[in-house]
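Peer 1: Chains as they are written, first to last, in the numbering used here: chain A, 98 to 310; chain B, 98 to 310.
For the record, the hints were derived by calculation from the structure and aren't laboratory data.
Be a bit skeptical, because a hint or two may be false.
Put simply, identical chains are the same to the list, so a pair is met inside one copy or across any two.
[What the hints assert, rightly or not] Below, computed lysine-lysine pairings styled on BS3-like, alpha-carbon distance capped at 25 Å:
1) K237 with K110
2) K180 with K220
3) K110 with K290
4) K101 with K204
5) K228 with K101
6) K180 with K243
7) K305 with K220
8) K243 with K305
9) K305 with K228
10) K228 with K301
11) K204 with K228
12) K305 with K101
13) K180 with K204
14) K220 with K290
15) K220 with K237
16) K204 with K237
17) K237 with K105
18) K180 with K301
19) K228 with K290
20) K204 with K290
21) K301 with K220
22) K180 with K105
23) K101 with K243
24) K290 with K237
Number of protein chains: 2
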Amino acid sequence: MTSKIISKEDLDKLETRYRAQLINSISGFKPINLIGTKDQNSLTNLAIISSVVHLGASPAMLAFISRPDTVERHTLENIRDTKYYTINHINSNILEKSHQTSARYNKEQSEFNECQFTHEYMKDFHAPFVKESKIKIAMKLVREIKIEENSTVFIIGEICFISLPESIIQIDGHINIEEADTICGSGLDHYHKTNSLGRLSYAKPDAKTRWLS
Amino acid sequence: MTSKIISKEDLDKLETRYRAQLINSISGFKPINLIGTKDQNSLTNLAIISSVVHLGASPAMLAFISRPDTVERHTLENIRDTKYYTINHINSNILEKSHQTSARYNKEQSEFNECQFTHEYMKDFHAPFVKESKIKIAMKLVREIKIEENSTVFIIGEICFISLPESIIQIDGHINIEEADTICGSGLDHYHKTNSLGRLSYAKPDAKTRWLS
Numbered sequence: 098m099t100s101k102i103i104s105k106e107d108l109d110k111l112e113t114r115y116r117a118q119l120i121n122s123i124s125g126f127k128p129i130n131l132i133g134t135k136d137q138n139s140l141t142n143l144a145i146i147s148s149v150v151h152l153g154a155s156p157a158m159l160a161f162i163s164r165p166d167t168v169e170r171h172t173l174e175n176i177r178d179t180k181y182y183t184i185n186h187i188n189s190n191i192l193e194k195s196h197q198t199s200a201r202y203n204k205e206q207s208e209f210n211e212c213q214f215t216h217e218y219m220k221d222f223h224a225p226f227v228k229e230s231k232i233k234i235a236m237k238l239v240r241e242i243k244i245e246e247n248s249t250v251f252i253i254g255e256i257c258f259i260s261l262p263e264s265i266i267q268i269d270g271h272i273n274i275e276e277a278d279t280i281c282g283s284g285l286d287h288y289h290k291t292n293s294l295g296r297l298s299y300a301k302p303d304a305k306t307r308w309l310s
Numbered sequence: 098m099t100s101k102i103i104s105k106e107d108l109d110k111l112e113t114r115y116r117a118q119l120i121n122s123i124s125g126f127k128p129i130n131l132i133g134t135k136d137q138n139s140l141t142n143l144a145i146i147s148s149v150v151h152l153g154a155s156p157a158m159l160a161f162i163s164r165p166d167t168v169e170r171h172t173l174e175n176i177r178d179t180k181y182y183t184i185n186h187i188n189s190n191i192l193e194k195s196h197q198t199s200a201r202y203n204k205e206q207s208e209f210n211e212c213q214f215t216h217e218y219m220k221d222f223h224a225p226f227v228k229e230s231k232i233k234i235a236m237k238l239v240r241e242i243k244i245e246e247n248s249t250v251f252i253i254g255e256i257c258f259i260s261l262p263e264s265i266i267q268i269d270g271h272i273n274i275e276e277a278d279t280i281c282g283s284g285l286d287h288y289h290k291t292n293s294l295g296r297l298s299y300a301k302p303d304a305k306t307r308w309l310s
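Bound-form chain A, shown alone (with noise of 0.2 Å):
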């Protein structure tokens, strides 16, 4: 494989939608999770995310960027005013509407009526989860941080419950997600679904880690 460098030099030159597309795709894999609201007049939106990353165990914190100028806006204001939403895991089943939630829809649709999602309530929670999900996190907003270099906002919360297959939690408490058939992505359009190669024993200075059977 021959190596091409691009430097910042020629990322700046570059038309917008191909730099958006290069660096999109340069962080790795990432989540694909849909994110449920609901407005003070009950109207639900859903707006699939790729950026929610594990902030910490305990208390148990779950956070992700949003960027104001675009679909997921009524994601932000439905979050801000409510303080309440859901991140559900996508599977295969769901991808090609769960994709479609990124089409600039006003605000008076719902994407879950648009995409055909069904809407899930669970525990007297606020927001709306998504059925088609297999796994599903009840979460409430803790603190929005703003991005001042790019106006983007990174929002942090807690989470209230989970709602996911008990077939799929290991006895260590590690949960299969690829056993609930949770797909991943990269760049702005690319989906994956993955082999688990397995799992590598915990990293001690003095010993190999070895794969755990």
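Please build the complex by placing chain B on the supplied structure of chain A, with the hints as guidance.
Peer 2: The following block gives chain B in isolation, referenced to the frame of chain A:
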């Protein structure tokens, strides 16, 4: 599949390692990268990180989350002191030794040596790249943000340059990282190869997205 609901109260009662396994698994698939740094005495460091996230394409910025209380602290210290670091994709050939970098080596030990990676330097850039990696990114620290809720640190960096195989750059700028054998992870220790499902067309409200050929 029988569903199970795990509440915040259930989570709080879990044994620490079990909870860490569970919460680390729930956000979806993760990018797995090696962060390369060098301190002011020319001692290098290499750390596996699963939290790199795309922050913006113009300027081209990536971020990651560092925990101050783990092996990653040498990485964090070096980034603070020198401002420069590298992000290197992990392929299946170097997966086991990449995981091994998470062992608690002493500050005087370089994971490059302990885990048998080859230093690579490019374009007079201060921080070392991993020669065995196929996709390598030179980064400059922009800013760090302390996450008060759990003392993690959100590290924002700007891309200085990228080195990658020319053959995986598609005509529209998309980088096919699967072709470079980049792997992904889930939870704390589970690794996966990917199988492309394809790319979906830009979604519009009045048309169904379709698979690109």
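Peer 1: If a hint holds in the structure, say so; if it doesn't, say that too.
Peer 2: To see whether the hints hold, each was checked on the structure:
1. K237 with K110: between (41 Å within a copy, 19 Å between copies)
2. K180 with K220: Within one copy only: 16 Å inside, 47 Å across.
3. K110 with K290: Neither way: K110 and K290 sit 34 Å apart in one copy and 33 Å across, limit 25 Å.
4. K101 with K204: For K101 and K204, the Cα distance exceeds 25 Å both inside one copy (43 Å) and across copies (34 Å).
5. K228 with K101: Classified as between: cross-chain Cα gap 14 Å, same-chain 45 Å, threshold 25 Å.
6. K180 with K243: both (17 Å within a copy, 22 Å between copies)
7. K305 with K220: neither (46 Å within a copy, 34 Å between copies)
8. K243 with K305: neither (42 Å within a copy, 34 Å between copies)
9. K305 with K228: So K305 and K228 pass the 25 Å test across copies only (21 Å; inside, 43 Å).
10. K228 with K301: Answer is between: at 24 Å across copies they meet the 25 Å cutoff, but 42 Å inside does not.
11. K204 with K228: Only inside one copy: K204 and K228 sit 22 Å apart there, 49 Å across copies, limit 25 Å.
12. K305 with K101: neither (34 Å within a copy, 36 Å between copies)
13. K180 with K204: within (18 Å within a copy, 42 Å between copies)
14. K220 with K290: Classified as neither: same-chain Cα gap 31 Å, cross-chain 36 Å, threshold 25 Å.
15. K220 with K237: within (14 Å within a copy, 45 Å between copies)
16. K204 with K237: within (22 Å within a copy, 39 Å between copies)
17. K237 with K105: between (38 Å within a copy, 11 Å between copies)
18. K180 with K301: neither (41 Å within a copy, 28 Å between copies)
19. K228 with K290: Result: close within a single copy only, 21 Å intra versus 28 Å inter.
20. K204 with K290: This pair counts as neither: shortest intra-copy Cα distance 32 Å, inter-copy 38 Å.
21. K301 with K220: neither (42 Å within a copy, 34 Å between copies)
22. K180 with K105: Classified as between: cross-chain Cα gap 17 Å, same-chain 38 Å, threshold 25 Å.
23. K101 with K243: neither (34 Å within a copy, 35 Å between copies)
24. K290 with K237: Classified as neither; 29 Å inside a copy, 33 Å across copies.
In summary, the numbered hints that this structure violates are 3, 4, 7, 8, 12, 14, 18, 20, 21, 23, 24.
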